[in-house]
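Colleague: Keeping their order, the protein sequence lines are chains A and B. Numbers 1 to 317, taken from my numbering, label the letters of the first sequence in order. Numbers 318 to 615, taken from my numbering, label the letters of the second sequence in order.
If you are wondering where the hints come from, they were derived from the structure by calculation, not from laboratory data. Since we're looking at a predicted model, the values are computed, not measured. Think of the CB as a built atom: it goes at the ideal place given N, C-alpha and C, for glycine as much as any other residue. There could be a bad hint or two in this list.
Below, in silico cross-link-like pairs of lysine-lysine (PhoX-like), each with a Cα-Cα straight-line distance of 25 Å or less [unchecked claim]:
{"id": "1", "chain 1": "A", "residue 1": "Lys278", "chain 2": "B", "residue 2": "Lys598"}
{"id": "2", "chain 1": "B", "residue 1": "Lys401", "chain 2": "B", "residue 2": "Lys417"}
{"id": "3", "chain 1": "A", "residue 1": "Lys112", "chain 2": "B", "residue 2": "Lys431"}
{"id": "4", "chain 1": "B", "residue 1": "Lys319", "chain 2": "A", "residue 2": "Lys278"}
Just the calculated beta-carbon pair ranges, DEER-fashion [what the hints assert, rightly or not]:
{"id": "5", "chain 1": "A", "residue 1": "Trp105", "chain 2": "B", "residue 2": "Val492", "range": "40 to 50 Å"}
{"id": "6", "chain 1": "B", "residue 1": "Met390", "chain 2": "A", "residue 2": "Gly224", "range": "27 to 37 Å"}
{"id": "7", "chain 1": "B", "residue 1": "Met390", "chain 2": "A", "residue 2": "Phe156", "range": "29 to 39 Å"}
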Amino acid sequence: MAEPAVIGSLLGLDIYGYGMITAASVLCGCLLCVWLAHARLKNAMVGLRLALYAVPLCLLFARLGYCLVRAPFIAVDYVPDFWIQFRLGGYSLAGGSLGLMLAVWVLASLTKRPFAPLMDLALPCAMVALAGLRWAEAFTLNGVGAYVDNEAFWWFPMAVQNTYGEFVLPVFFWEGLTALVIAAVLLARHFPRPGDQALTGTLLLGLTQVFWESLRADDYLRFGFVRVNQLWGVALVCFVIALWLSRRAKPRRHAVATIAAVALCIAGMVGIMFGLDKLPIPNEALYALLGLILILMGVLGLRLREPDRKGGTRRCA
Amino acid sequence: MKFVWRVLLLLVMVALLTVLCPDATPLPGAYAETEALAPLSLDADAPVPDAAAYLPDNAGYADDSLSVSISTMREFDTDIMVAKITVKDASQLRTAMAAKFGSTQDIPGAKLAKRVNAVFAINGDYFNFDSTGYVLRQGTLYRDNPREDSDVLLIDDQGDFHAVVNATSEKIAAVQGTIVNALSFGPALVVDGQAQEINARLLIAPEKETQRMVLAQTGPLSYLCVATEGPENPGSRGLTLKETAQLMVELGAVTAYNLDGGSSSTMVLNNAKINALSTHKVRPICDIVYFATLCGTR
Chain A
1 MAEPAVIGSL LGLDIYGYGM ITAASVLCGC LLCVWLAHAR LKNAMVGLRL
51 ALYAVPLCLL FARLGYCLVR APFIAVDYVP DFWIQFRLGG YSLAGGSLGL
101 MLAVWVLASL TKRPFAPLMD LALPCAMVAL AGLRWAEAFT LNGVGAYVDN
151 EAFWWFPMAV QNTYGEFVLP VFFWEGLTAL VIAAVLLARH FPRPGDQALT
201 GTLLLGLTQV FWESLRADDY LRFGFVRVNQ LWGVALVCFV IALWLSRRAK
251 PRRHAVATIA AVALCIAGMV GIMFGLDKLP IPNEALYALL GLILILMGVL
301 GLRLREPDRK GGTRRCA
Chain B
318 MKFVWRVLLL LVMVALLTVL CPDATPLPGA YAETEALAPL SLDADAPVPD
368 AAAYLPDNAG YADDSLSVSI STMREFDTDI MVAKITVKDA SQLRTAMAAK
418 FGSTQDIPGA KLAKRVNAVF AINGDYFNFD STGYVLRQGT LYRDNPREDS
468 DVLLIDDQGD FHAVVNATSE KIAAVQGTIV NALSFGPALV VDGQAQEINA
518 RLLIAPEKET QRMVLAQTGP LSYLCVATEG PENPGSRGLT LKETAQLMVE
568 LGAVTAYNLD GGSSSTMVLN NAKINALSTH KVRPICDIVY FATLCGTR
């Protein structure tokens, strides 16, 4: 881990290690997109167009998301034209995700194709790109977690050294690995219903993001003590569960029970995040509990994805 | 042909990412840092303290330039830790940030104290929590946006405290002397040896019995740091701000200023947190006020 360092220049502009890895990982995502479009839709041009829309929109919205969250600080602490100076850094996952959805929507509208299959195409590619984006944080001071004081764990990927020579948890590595595993799961499994691949990926991303973000002790985005990426993760999970729930044919009480279970899980997560700071319970136990709650929510969500045993689904996406 | 052009366009866009994405978070140049107010040699590393100068049982530290004496007392049904500090030179009273200004990064106070070779440290004002406050650290003004109805503590190059009550930018600018550090939490508890009326409109729960952290001056180059325990610690109820002000007058404070309390309350000696240990939790913080020695290894 080190201060972002210039490693070269392009058109007179500085190139950073983070930027290089970012570009490489986005390129991998784009290539995968073109290949998937060719394999699934027999039309590589669709994948290329999706990549062409997604790259600028993700960049723009990731920047916009960062600036919106930090707006009160930008007003007093930052250089006046920070909003438009992309070269100064500052991006958000939530904004980037919205940019991706917008890109898919634009492509779907322009090509008169259904939205869901295009999202299915986009999500594994986005996960591949995200993996690289996370690993790129190795070239910055970000993406790290708590101090690792136990010398037995002073080895990668359990710990990395920061600029002060202190050993810290490389959360960026585990987040990148998680994104890659999600991509692999999405690509390896068959999803018969359009949209389920994207929704499954979104659910897994949201759940894992809540966990990994809780471990970050870096320059993460936050509202006061509330971590933005955790909020975003919970929002994604709720969105997916609500969508799957809405197409179930099961009776109303089943829906109410599911909503109550999700609400309880969220309340539990809020309690755990509070407890990490306040409760006299070891944090290891609280993290284990958080993991269990997230697994429970995952199982709950994935069970909703399966068709009803009686009566089938009410409608398809 | 269309396909080729699109591929080329995509490659150009991807290549642009190399220059448009230096980091997920802003680089130091993103912040409107102003010039140093005075040419102070405040950015030099403090010497590494001599381990032998620490007193046994966390009782403090003593060398030719710095004396730290830690004691505990019990008042208001609360365990209270008091540190009396005397320095040889005003430059030994310093502040440090967990990361570059503008970062939201927090780290345990003990880790930050170790980084800067602090002998003794307490938490600061948690300036990165919101965008208000007057943030001046080690001679550099980072933010001039005093919170409405709040008090600011200014520390000048002689090591003297100036409490600016109901601070505004104009009031702060009117203070005489070269200001080296400023803290924006408050309120000012004691000014000129007199306990202050606590402004009920303050946002830091003045009536709440909780952990408090106070930085005070008792005389030239003589200071007090007081950490009270709170309801999270068995056997302690915590103090209201009024009680804290009363306590500081009893302890001989001329100027006393309330810093971030609650779980942020951190007192560090010899690179270890020494206050409120019964909670077993350490909240990371974004800044510390610390005392350095002049006699250690450079």
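Colleague: With reference to the structure, classify each hint as holding or not holding.
Modeller: Status of the hints after comparison with the structure:
1. As the CA atoms of Lys278 (chain A) and Lys598 (chain B) are separated by approximately 7 Å, the hinted pair is consistent with the 25 Å bound.
2. Proximity of Lys401 (chain B) to Lys417 (chain B) is assessed by CA-CA distance (about 30 Å); at most 25 Å being required, the pair is judged violated.
3. Only pairs whose Cα atoms come within 25 Å are accepted, and Lys112 (chain A) paired with Lys431 (chain B) is rejected, the gap being roughly 61 Å.
4. Note on Lys319 (chain B) and Lys278 (chain A): the hinted pairing is violated, with a Cα-Cα distance of about 60 Å set against a maximum of 25 Å.
5. For the pair Trp105 (chain A) and Val492 (chain B), the beta carbons lie near 56 Å from each other, so the given range of 40 to 50 Å is not met.
6. Between Met390 (chain B) and Gly224 (chain A) the CB atoms are about 34 Å apart, so this pair conforms to the stated range of 27 to 37 Å.
7. Separation of Met390 (chain B) from Phe156 (chain A) is about 47 Å and departs from the stated range, judged on CB atoms against 29 to 39 Å.
Hints 2, 3, 4, 5, 7 from the list above are not met by this structure, while the remaining hints are.
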